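Q: In case you want the letters, here they are:
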Amino acid sequence: DAKTTQPTSMDCAEGRAANLPCNHSTISGNEYVYWYRQIHSQGPQYIIHGLKNNETNEMASLIITEDRKSSTLILPHATLRDTAVYYCIVRVGPNNDMRFGAGTRLTVKP
Amino acid sequence: GAVVSQHPSWVICKSGTSVKIECRSLDFQATTMFWYRQFPKQSLMLMATSNEGSKATYEQGVEKDKFLINHASLTLSTLTVTSAHPEDSSFYICSAPLAGAGSSYEQYFGPGTRLTVT
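Residue numbers (our numbering), protein chains in the order written: chain Y, 1 to 110; chain L, 1 to 118.
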């Protein structure tokens, strides 16, 4: 039972902002929204997480709607190296393990 | 940020043999580590939770006698694939959690081990 819904794939032009949406309409009040990405044949890389406030770090920004039912990951200036599968996760197991859905395959094009 | 390493990064073995994969947290201690498996063009699937000093817990459908997990120290967990078969060929990834702000946890993932069974 996936708790998140993400588009299967997206394209973005190099240098432009990449906005990756995620729906998590059944999120509980104390569940965080986590974003990871996986570049081909590598382990997933942590990007950012948040509870209800918008968050920003050196990699990305996370915008969470006021009702917390959806969020958007923003890569402000996408580069070719940002081509990866991006996972939005709200489902955390009993031992704080991450449960992955299908994710969004982002392709940054020159 | 925190670093998790895996060794080897890739391994080829013959059918029927056993293979051990190591997962280390390099700059933090982890009483719990996780093992995932990823088949081509699929997402990561949690196999088991490795607990330091106690038995691992396995997800439904994962054979505990085939995938032996040992978590002997706070920085090392090992996964041994016993009597490997070609269908065990996959990308194996470990992770370790690190507590963040509030009740959040950041998971740090290893680079993965690609196992090919011939």
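Worth flagging that the hints you see were computed from the coordinates, not collected in a lab. Quick caveat, the model's predicted, so the values are computed rather than measured. Any given hint might turn out to be false.
Straight-line distance between alpha carbons at most 27 Å, and here's what the computed DSSO-like set of lysine-lysine pairs gives [as the list claims (entries may be wrong)]: (1) Y:K3 to Y:K69; (2) L:K55 to L:K20; (3) Y:K69 to Y:K52; (4) L:K66 to L:K20; (5) L:K41 to Y:K3; (6) Y:K109 to L:K41.
Now the stretches of chain Y that chain L is said to cover, found in silico as 3 or more residues with beta-carbon under 8 Å [claimed, not checked]: (7) 4-18; (8) 43-54.
Beta carbons: idealized from backbone N, C-alpha and C, even for Gly.
Q: Hint by hint, say whether it matches the structure.
A: Taking the hints in turn, this is what the structure says about them:
no.: 1; hint: Y:K3 to Y:K69; result: holds (11 Å)
no.: 2; hint: L:K55 to L:K20; result: holds (17 Å)
no.: 3; hint: Y:K69 to Y:K52; result: holds (10 Å)
no.: 4; hint: L:K66 to L:K20; result: holds (12 Å)
no.: 5; hint: L:K41 to Y:K3; result: holds (20 Å)
no.: 6; hint: Y:K109 to L:K41; result: holds (21 Å)
no.: 7; hint: 4-18; result: violated (count 0)
no.: 8; hint: 43-54; result: holds (count 6)
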